[in-house]
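Participant: Produce the complete structure using the sequences and hints provided.
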Amino acid sequence: GQQVMQIPQYQHVQEGEDFTTYCNSSTTLSNIQWYKQRPGGHPVFLIQLVKSGEVKKQKRLTFQFGEAKKNSSLHITATQTTDVGTYFCAAYSGGGADGLTFGKGTHLIIQP
Amino acid sequence: NAGVTQTPKFQVLKTGQSMTLQCAQDMNHEYMSWYRQDPGMGLRLIHYSVGAGITDQGEVPNGYNVSRSTTEDFPLRLLSAAPSQTSVYFCASSYSGRKPMTYEQYFGPGTRLTVT
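Chains as they are written, first to last, in the numbering used here: chain A, 1 to 112; chain B, 1 to 116.
Treat the hints as calculated values from the structure; they're not laboratory data. The C-beta atom is built at its ideal place from N, Cα and C for all residues, glycine as well. A few of these clues could be false.
Stated by the list, open to error - The calculated DSS-like cross-link candidates involving lysine-lysine, where the alpha carbons are at most 30 Å apart (straight line), are:
1. A:59 / A:104
2. A:36 / A:56
3. A:57 / B:14
4. A:51 / A:104
5. A:59 / A:70
6. B:9 / A:104
7. A:70 / A:51
8. A:36 / B:9
Unchecked claim - Selected chain A positions facing chain B (in silico; Cβ < 8 Å):
9. 42
10. 43
11. 48
12. 102
13. 105
To be verified - Which stretches of chain B does chain A cover? Using the computed rule of at least three CB atoms under 8 Å from a CB of chain A, they are:
14. 38-51
15. 103-110
Facilitator: Right, here's the structure in full:
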């Protein structure tokens with residue numbers, strides 16, 4: 001089945017530093033979604049990217065979809081303690097209702 | 001709207017016991033799915049349904065059964081619990097349309113299951 005690799009697994013940053021997580025696939029993706037899960041909580045949808053080369057911004061968060069639609073990134077500028085959690089990418093390769101494939105997530109740990 | 005609800009929140013089972021994890025949504029979503037989350041493994045799809053009466057297997061279906069008799073409910077049954085099924089289980093739903101996986105997934109709060 002389709003696999004989505006997400007790196008890094010853990011990221012420690014000082015509050016105010018930037019953070020980036022990457023998602024890579026060996027196959028072309030139909031779309032990619034990003035979710036955030038707070039400690040002890042459930043995944044919450046952040047955004048979806050569909051077009052090749054697409055860039056979307058949500059305040060301090062910038063999401064990119066690669067030109068070949070095989071990779072994506074989430075960048076947070078000037079992290080805050082409220083950004084703590086695990087960030088997941090989820091992808092659908094298309095061609096059938098196989099469900100979303102989630103990356104293993106990047107745990108963001110912020111030191112004040 | 002309550003969104004996606006799951007019961008129970010916590011459950012402890014002994015090996016060999018069976019139980020049903022309940023999931024309900026009030027958003028009239030056609031697509032519903034079950035995931036398990038284990039440390040370092042992310043979210044793995046167990047079963048999914050594109051509408052009432054239709055179910056299909058995901059990545060890790062063994063040991064689990066599902067049914068979808070109504071649009072609102074999608075219960076997950078553990079037939080004979082094993083310690084390997086200790087996990088956090090999340091139910092999710094979304095609008096389906098022509099491409100069900102191109103819509104936002106709404107997750108329930110999860111059920112934390114321990115099998116001893």
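Participant: Does each hint hold? Answer for all of them.
Facilitator: Results of checking the hints against the structure:
1. A:59 / A:104: Holds, at about 25 Å.
2. A:36 / A:56: The hint holds at about 16 Å.
3. A:57 / B:14: violated (47 Å)
4. A:51 / A:104: holds (23 Å)
5. A:59 / A:70: holds (25 Å)
6. B:9 / A:104: Distance ~23 Å between residue 9 of chain B and residue 104 of chain A Cα, so the pair holds.
7. A:70 / A:51: holds (11 Å)
8. A:36 / B:9: At roughly 20 Å apart (the allowed maximum being 30 Å), residue 9 of chain B and residue 36 of chain A satisfy the hint.
9. 42: holds (4 Å)
10. 43: Hint on residue 43 of chain A: holds, closest Cβ of chain B at ~5 Å, below 8 Å.
11. 48: holds (7 Å)
12. 102: Given a least distance of 4 Å, the restraint on residue 102 of chain A holds.
13. 105: With a closest approach of 5 Å, the residue 105 of chain A hint holds.
14. 38-51: holds (count 8)
15. 103-110: holds (count 7)
Of the numbered hints listed earlier, the single one contradicted by the structure is hint 3.
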